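Please build the complex by placing chains B and C on the supplied structure of chain A, with the hints as guidance.
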Amino acid sequence: MATVAHRLELDLDVFAGPFDLLLSLVLREELDLLEVELAEIVLAYVDHLEAEGELDLEAATEFLVLIAALLELKSRLMLPGEELPDDLDALAPAEAAEELLERLLQYARFRGAGGWMAAAHAAGQAYLHRSAPLPPGLRRVSVEVAERAYDPDVLGAAVGSLLRTPPPLDLRHIAAPRVSVAERLALLRSLLARGRFSFDEAVEGADRVTEAVTLFALLELYKRGEAAWEQAEPFGPITVHA
Amino acid sequence: MTALAAQVEALLFLAPEPVTVEELADALQTGEEAVRDALEDLAGALEGRGVVLREVAGGWALASHPDAEEAARRLLARPRTSALTAAQAETLAIVGYLQPVSRPEVARIRGVASESATAALVERGLIEESGRSQFGAVLYRTTPLFLKLFGLRSLDDLPDPAQWDPSPEDESALRDRLLRAGEQRAG
Amino acid sequence: MTALAAQVEALLFLAPEPVTVEELADALQTGEEAVRDALEDLAGALEGRGVVLREVAGGWALASHPDAEEAARRLLARPRTSALTAAQAETLAIVGYLQPVSRPEVARIRGVASESATAALVERGLIEESGRSQFGAVLYRTTPLFLKLFGLRSLDDLPDPAQWDPSPEDESALRDRLLRAGEQRAG
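Order-wise, the sequence lines are chains A, B and C.
All residue numbers for the first sequence refer to the numbering used here, where the first residue is 413 and numbers rise by one.
All residue numbers for the second sequence refer to the numbering used here, where the first residue is 11 and numbers rise by one.
All residue numbers for the third sequence refer to the numbering used here, where the first residue is 11 and numbers rise by one.
FYI, nobody ran anything at the bench for these hints, they're computed from the structure.
Small disclaimer: the values here were computed from a predicted structure and weren't measured.
Careful: at least some of the hints might be erroneous.
[Claimed, not checked] Here's a subset of chain C near chain B, in silico, CB distances under 10 Å, partners left out: (1) L21; (2) L22; (3) D77; (4) A172.
Every residue, glycine too, gets a C-beta built ideally from N, C-alpha and C.
Chain A with its partners taken away, still in its complex shape:
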């Protein structure tokens, strides 16, 4: 099966080759996911789609699942323990690693079991079963001798449950982006308009995600030449100025 992961050729700063190779390198830890620019992969995929000229829904789904998994993995690496209370922060990287480990181990188990399945399937083919029709005398099932064996309520219940629309998926456990880069950019620019300010001031009372996004917005301003900052010592206060 020529999957999208197989066909999608990437040319990134840290990696050139098919997407599926990138995936396996990341999973085998031979490539640091933090160095991979996921947005570039999405752009490459969009180019790939344009070149294909048609949208293969299955391939698109596969790509979305893969890229979502990579994003989740990368965000865990970048923001360890973002959903945890502050006093548990220290545990977060270990927990994230444990969960990732759990998934890798679970997958290893089923990959091994899959190998057994493939071998058992091949071995089973050595035995052939008979598939001849019954002799004519045994072929006809007589309606007369048939007796009631099922409860009609089974049918009513089955059709009734099909009338029900399934409950909407509960996505509450997936953290929604609570803050956007654009919002934080606007805030930083308004603070800058007043002159120098400290980074702590910009993120006062904010959660870790907001802090991270604000830092990202600050980097963006620096890149555009709109702002610069100073920090006298590690973990010391950061002063931002135009």
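Relative to the frame of chain A, chains B and C by itself:
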């Protein structure tokens, strides 16, 4: 019993139709004389067994011994009444209430392809084909055996689905409502 | 060979699917103990023959001996079905051990969407639907055909999957690597 006779036995066991000596020789990549010897060997080995070797219609076939006929009828010539799978129950319910109905329509309502469930129900004799839709799709309806196995005098005896339906509506709208729910499910 | 064993042979010869001891006893109007003795008798009588007795999918069935496979496939023009792809084998393993299981769950474990593998396994008759999860997703389980083709008496015959878990050394090496990666991020 020779290894060749054992292989002949295996081939005749599997073949749905009588097999000629020539066909056996081809399959076993040996001569017809050797096959004939093996058949003789096999016939001897089957003495007093439940399976007999018969020469019919210019070929050779295995058949069950007539002594087992009564038991075979008890085992096989009766409707299969093992429990319906969830997929089969849903499919049968849709055919039962909406007949005649096509497979694509069943799939739309259920939100998944329903080929194997439909095939299993046909195989069990619970539903059968009943012509084609205007688009050429095979239509299905329930069989008399269906009524018998569910203890129904007629299709009018099917239970009212409103019992299991939180928001009952006019019965005639059942098909439309099922299709709408199916689309939401698939979406 | 006893007359009862001969009748058991005839019934298994005719039956399209594996037959349970209970069904055999009903058809032969005898006790299950007598049927079990007859099955043992039959298995002994089939030593060195072209047909073997197998306990699969909760019942008993006759099959051709593996030695005859090549000739049989030539005669019946029935080539081997294609090998399971890696995706199909992994999906089948997940369904086999965790059933009933939904497609999203399979995808979560495999890390990739598994729609075409699931569809191919349904098409091959190895897995089937078994109800729906609380979110309306179709659940899958293995079929009796799976047990029959894989020569398993029941799902309990599946080998212990813990044997494929990475060794404790590999596991702790992996854990260390992951933890180091995590600490670097945290620091």
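Against the structure, the hints come out as follows:
1. L21: holds, 6 Å
2. L22: Status holds, d = 8 Å.
3. D77: holds, 7 Å
4. A172: Violated. Min distance 30 Å.
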